[in-house]
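Engineer: Could you build the full structure based on these sequences and the hints that come with them?
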Amino acid sequence: MRNKQYPFLSLAAVNGPLLDEIAQAVERVVRSGRYVGGPEVERFERTLAEYEGTRYAVGCANGLDALRLIFRGYIEMGQLKAGNKVIVPANTYIASILAVTDCGLTPVLVEPDACTLNLDTKRLRQVAEHQDVKAILTVHLYGRCCYDNELEAVARELGLLIIEDNAQAIGARCPMNGRRTGALGHAAAFSFYPTKNLGAMGDAGAVTTDDEQLATAVRAIANYGSDRRYHNIYQGLNSRLDPIQAAILNVKLPYLATENGHRQAVAEIYEHSISNSAITRPLWADDGSMVWHQYVIQCRKRDLLRQRLDEKGVATDIHYATPPHRQPCYSAWSGLSLPETERIANTVVSLPISSAVSLSDAREIAAIINTINLNTDD
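Counting in this note's numbering, the sequence shown runs from 8 upward without gaps.
It is worth saying that the hints were derived from the structure and are not from the lab. Just so you know, even glycine gets a beta-carbon here, dropped at the ideal spot from N, CA and C. Check the hints yourself; a few may be wrong.
What the hints assert, rightly or not - Simulated crosslink set (SDA-like; lysine to any residue; CA at most 20 Å straight-line):
hint, residue 1, residue 2
1, K129, E118
2, K11, S296
3, K92, G111
4, K203, K92
5, K129, D155
6, K88, Q242
7, K129, S296
Said to hold, decoys possible - Taking CB as the label site, the calculated pair distances span:
hint, residue 1, residue 2, range
8, L366, K88, 48 to 54 Å
9, Q86, S282, 47 to 53 Å
10, L366, E49, 34 to 40 Å
11, S280, H326, 20 to 26 Å
12, G295, K319, 29 to 35 Å
Structural biologist: Here is the structure:
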């Protein structure tokens with residue numbers, strides 16, 4: 008692929024300003040001789056919990072494992088059991104659903120809101136009451152908080168667990184109560200994959216919760232199911248946060264507000280500058296409820312738009328082109344009718360949004376979009 012004048016994401020550019028600090032942190036771990044667990048992991052867990060406003064944070068290997076550990080923890084605690092139904096947004100990255108099925112639970116796919124592209128909370132009550140649901144997995148997709156009075160009320164009245172997939176929204180706040188995503192439900196999963204707003208330099212994840220029993224179970228399950236050395240109370244996993252990744256995250260967490268602020272500024276330029284009538288911009292938010300992990304526009308002629316942008320040096324991406332119920336691994340769901348989910352999958356385009364995109368780049372990208380004629384029958 009040829010180089011683009013406006014790349015979609017340059018991790019080298021994102022991490023460049025912090026490389027000296029990161030190198031010192033990595034060297035510190037290497038010289039310490041402690042390569043599993045240790046002070047860097049403990050520091051990150053403590054700092055993440057303080058940042059989120061939760062009692063506990065437990066590091067793990069990646070975001071998918073964070074979700075798996077939460078569900079496994081609730082199963083070991085007797086609050087969930089195999090076959091129980093979990094509401095999951097139909098419009099999500101497949102990891103959200105893989106975690107549910109991997110734990111022997113049954114996903115109930117619910118259509119998204121056409122404006123937010125997140126779980127449509129107006130559909131929750133009817134689905135939960137009629138399908139004997141035991142939990143709701145709310146996904147803060149693209150960095151937008153998905154939590155409101157309706158979701159909370161349904162969960163409270165029906166006694167449902169609320170689990171957050173916060174892989175894409177660290178730093179976002181709930182307009183309803185001002186709390187951060189990751190501290191809204193009973194437990195939350197985080198991914199620190201390198202492309203995230205807070206990204207490691209490899210795989211990394213975490214679980215946050217106020218529930219001491221769950222935090223203890225998650226920590227044990229992630230360490231071969233052991234509550235102490237060579238004493239295994241669960242049939243566990245090996246899913247521990249690597250101390251080098253923890254050290255990198257300890258460097259980067261204090262800069263998260265800067266990264267999110269820059270993304271907000273880029274999004275604001277797109278919001279006020281993109282005027283192409285064939286483009287639908289994402290629902291605007293400047294109240295802290297959106298941290299713009301992705302800036303996702305919609306276009307009925309997506310392929311033509313991406314081709315024209317590519318010709319002008321603008322790289323784009325699609326999040327996500329194939330919804331989970333159309334994936335081969337879930338072929339049993341191929342007959343499901345989820346028209347809103349499928350419409351979104353056929354129209355979304357992600358524009359460059361990270362701190363590697365300058366504000367002048369954003370203005371130029373918007374100007375290029377406005378020159379593209381998509382109101383044709385081609």
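Engineer: Are the hints correct? Go through all of them and say.
Structural biologist: Status of each hint after checking the structure:
no.: 1; hint: K129 <-> E118; verdict: holds (10 Å)
no.: 2; hint: K11 <-> S296; verdict: violated (31 Å)
no.: 3; hint: K92 <-> G111; verdict: holds (10 Å)
no.: 4; hint: K203 <-> K92; verdict: violated (29 Å)
no.: 5; hint: K129 <-> D155; verdict: holds (10 Å)
no.: 6; hint: K88 <-> Q242; verdict: holds (15 Å)
no.: 7; hint: K129 <-> S296; verdict: holds (19 Å)
no.: 8; hint: L366 <-> K88: 48 to 54 Å; verdict: holds (52 Å)
no.: 9; hint: Q86 <-> S282: 47 to 53 Å; verdict: holds (50 Å)
no.: 10; hint: L366 <-> E49: 34 to 40 Å; verdict: holds (38 Å)
no.: 11; hint: S280 <-> H326: 20 to 26 Å; verdict: holds (22 Å)
no.: 12; hint: G295 <-> K319: 29 to 35 Å; verdict: holds (33 Å)
Violation of the numbered hints given earlier is confined to hints 2, 4; the remaining hints are satisfied by the structure.
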